[in-house]
Structures are given as C-alpha cells and as structure tokens.
Amino acid sequence: MHEWALAEAIARYAESVCSSRRVSKIVVKLGTLQAIDREVLSFALNAILESDGIRGAEIVLEDEEAVFRCRRCGATWRYSDVELDEALREAIHFLPEAVHSFVRCPRCGSRDFEVVKGRGVEVAEVVCGDGSEGGSH
Amino acid sequence: MDPREAVIRDRFSSVRRVVAFASSKGGVGKTCITCASALALKELGHRVGLLDLDVTNPTAHIVLGIDPKSTEIEEEKGVKPVEARGVEFMSPALFTHGEPSPLRGGEIHDAILEMLSVTRWGSLDYLLIDAPPGMSDEVLDVLRYIPRLEFVVVATPSPLSIDSARRFTKFLLDEGARVLGLVENMGSGSLESLCKSMGVRYLGYIPFDPELDRAIEEGRIESTRFYASVREICRSAFHSL
Ligand SMILES: Nc1ncnc2c1ncn2[C@@H]1O[C@H](COP(=O)(O)OP(=O)(O)OP(=O)(O)O)[C@@H](O)[C@H]1O
Ligand SMILES: [Mg+2]
Ligand SMILES: [Zn+2]
Chain A
1 MHEWALAEAI ARYAESVCSS RRVSKIVVKL GTLQAIDREV LSFALNAILE SDGIRGAEIV
61 LEDEEAVFRC RRCGATWRYS DVELDEALRE AIHFLPEAVH SFVRCPRCGS RDFEVVKGRG
121 VEVAEVVCGD GSEGGSH
Chain B
1 MDPREAVIRD RFSSVRRVVA FASSKGGVGK TCITCASALA LKELGHRVGL LDLDVTNPTA
61 HIVLGIDPKS TEIEEEKGVK PVEARGVEFM SPALFTHGEP SPLRGGEIHD AILEMLSVTR
121 WGSLDYLLID APPGMSDEVL DVLRYIPRLE FVVVATPSPL SIDSARRFTK FLLDEGARVL
181 GLVENMGSGS LESLCKSMGV RYLGYIPFDP ELDRAIEEGR IESTRFYASV REICRSAFHS
241 L
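These protein sequence lines map, in sequence, to chains A and B. Letter by letter, the first sequence follows residues 1 to 137 in the working numbering. Letter by letter, the second sequence follows residues 1 to 241 in the working numbering.
Here chain A stands alone, though its shape is the one from the complex (with noise of 0.2 Å):
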C-alpha cells in the first residue's frame, strides 16, 4: 500500500495545479521499473481526491516500459528483459533507483547506466473543472 502515499502526492499535485477549479481527469504515467499495483493506485486515488470533495474525475493510468542505456558502452535493454528474484523487485518497486545495485548491463557488465524512461510515477496531463488544460508535466 506505499501507492497510497504516491496516490496522495498526485492529487495534492493536481489539486494545486487547478487551484480553485475542479480537478476533471488526471492522466498518469506508471514506468514499469516501479511495478506499481495499478487497482491499489487508482482506488487510492480515487479516495483521495473524494475526500477532498473531488467526485467523478476521470483517472486514466498508462504504462510506460522501462528501458536502459548503458554509459560505459551504448548498449540498450528493457527492464523486462531482465532477470531478478521478487525481493529484489520489491526493493526497487520501493526505490526505483535501487536498480542500479541489483542490475548489470548485459553487455559489459557496468551498472553505470541510464535510465532512459519508464521509472515511476509521473503525472503526464491534469484537466480542470472547465475542461481546459491545467498543466502538463
């Protein structure tokens, strides 16, 4: 349920983009290297923004690969390529950035490597109220 708290941090975002307009749909983008629970998000989600007196906004979750480029030689891979026992999953679906201890690039072994997109949550488009564009990120 850590979603929760990410769940909170989009709806206070999206809540001080629009200000005093109503929040009407929030598009979020979810990179895979988080593994985050898409039903626990939006139902929290969901939640939140009710609590705040927000009802009926639409919550539109798309997910986003997560791919690699490697610093040391060029070479590119995605996260679902990649091997890895669940607690080790776990840990990164907490702290994305752990990835770089528990992943090596399959080419030269270098664990200097970027993450190209697809890490986290991101918020990719709010709509207020009156339809209009609230802000992109």
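Since the hints were derived computationally from the structure, they do not count as laboratory data. What you are looking at is a predicted structure, and each value in this text was computed from that prediction instead of being measured. Certain hints may be false.
Reference listing, derived: stretches of chain A covered by chain B, where coverage requires no fewer than 3 residues with Cβ under 8 Å from a Cβ of chain B [claimed, not checked]: (1) 96-109; (2) 115-127.
Here are a few chain B residues that sit away from chain A, every Cβ distance over 10 Å (derived from the structure) [to be verified]: (3) Asp-67; (4) Gly-134; (5) Arg-148; (6) Phe-208.
Here a beta-carbon is modelled for each residue, glycine too, at the ideal position from N, C-alpha and C.
Chain A is already provided as a structure; the job is to place chain B with the ligands on it using the hints.
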C-alpha cells in the same frame, strides 16, 4: 513541479524538529555523531527518528545494528520506517542491500524525493538526518524541501577542515538555513574561536576515543566516552525545548 514535492511538507507534519548533521569534509564523524545523538535523545526521553540520506554510501545502519538484507519493509499508506533500538529508522541501504549504488546527480535527487515523499514518520520530537559530506545534492535537496530544517555542522580541528568548515557554514548561512551550531569532533576545544568569528553557537567538543570502532562493532556505542560526550552536547544543544 514533480508531484512528489507536493506531499513532502505533509510527511514532516508529525515531526517537531528536523536536524541535519552535515560537514564540509568527509570522515569527520557525522554518522557516528548522528546515531549517538539519536540514541542519546531517546535516552533523554524523546521520540526520535533517523534518516540516512547518504544515498550512495549509507552507513548509519551499521552503527544502529540493522542488517538491511534481513529487514522486512512494512507498508501503511506509505513506507514505514523500521525500528532500530527504539529509534524510527529509514535508509537507502534497506533497498540496496549493501550492494554498490553508483548514482548520478539526477538519480540521487530522484531517490531523495522518493524517500521523502513515501516515508511515514510517526509522531516524533526529533528527526535527525545523516548527510553525506560537502555541498552535495543531498544537502541542497534537504535545504530546499524540508520545512523548518536545522543544521548541526560537524568539523575536526585540522587546518584543512577549519577552512572548509568556515566555507560550508557560510554557505548554509547565506542560504538562510538555521544553523543550530557546530560540533568539534576529535578535538579539544580549538574550534570555539572559529564559531565566535562566524557568529555560530559552539556546541562543544568530542575527544578522540580509541574504543569507538570496537564498541560499534560489538553493538555497544552507548558504553563509550564518545557517547557520553555526545549526550552532554545533546543535553545542552537541545535543552531550550
Ligand atoms: N571521536 C572519535 N574518536 C575516534 N574515532 C572516531 C571519532 N569520531 C569518529 N570516529 C571514527 O572516524 C571514522 C569516520 O566516522 P564517520 O563514518 O561517522 O564519519 P562521517 O563524517 O560520517 O564520514 P562520511 O563523510 O564518509 O559520511 C569512523 O571509523 C569512526 O569510528
Ligand atoms: Mg557518514
Ligand atoms: Zn555496457
């Protein structure tokens, strides 16, 4: 703005005072002093938390006797700190399990935002932060994000350390940070004049203690003269509260 920034203030709302231990030079004793202070403040009857924010080189768990690999992480609307000798404790080591963690600036910043935004501290009198040396990303980020943050500057009396400590303290003061004071480690009082010249409170000195490393290894830092000095400093530094 990163959405995580929006909740950081809330995460510290149950904490009365947040105090970061920082230094300009490395290896001056920040981690030992932060951990000893946490245990001493607890002994003095306060509720205490400790956040290890040395993202790429966390070591506080060693002093507190926590084995990151065998420590279960509990979630409850966020990540709960683990319990370490009566102190609420959070560290990147709990997630990197003692493996190397070679992060660049942006990644360090991301890791800090993540930890600050998901950690659910209990109701605390003091949350102490162990920072890495220098004007690091960690120090710059806590300055920016943590409300009501106070600093304790740690320095040793070597000539190289003195100039460096002066520069570091000046930086903090220029940023408008609250500097609670300076602690002189492995010394005998010679940094008091530096504090006078900077208008910063001298919190006291901790003598060199040849027993410290062995006591840490044996998990009994409280039995050392080092700890007794730290406790005295805590008693007077935090006494006005
Ligand atoms: N007063 C002291 N007497 C004897 N040894 C000490 C004393 N203070 C610290 N040390 C020793 O100095 C070493 C460095 O201490 P510590 O790791 O706490 O420093 P640090 O400032 O946190 O280092 P870093 O900048 O790498 O984070 C340790 O081996 C510690 O046991
Ligand atoms: Mg240290
Ligand atoms: Zn490589």
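Quiz item: Checked against the structure, which of the hints given earlier come out wrong?
Solution: No numbers; nothing is violated.
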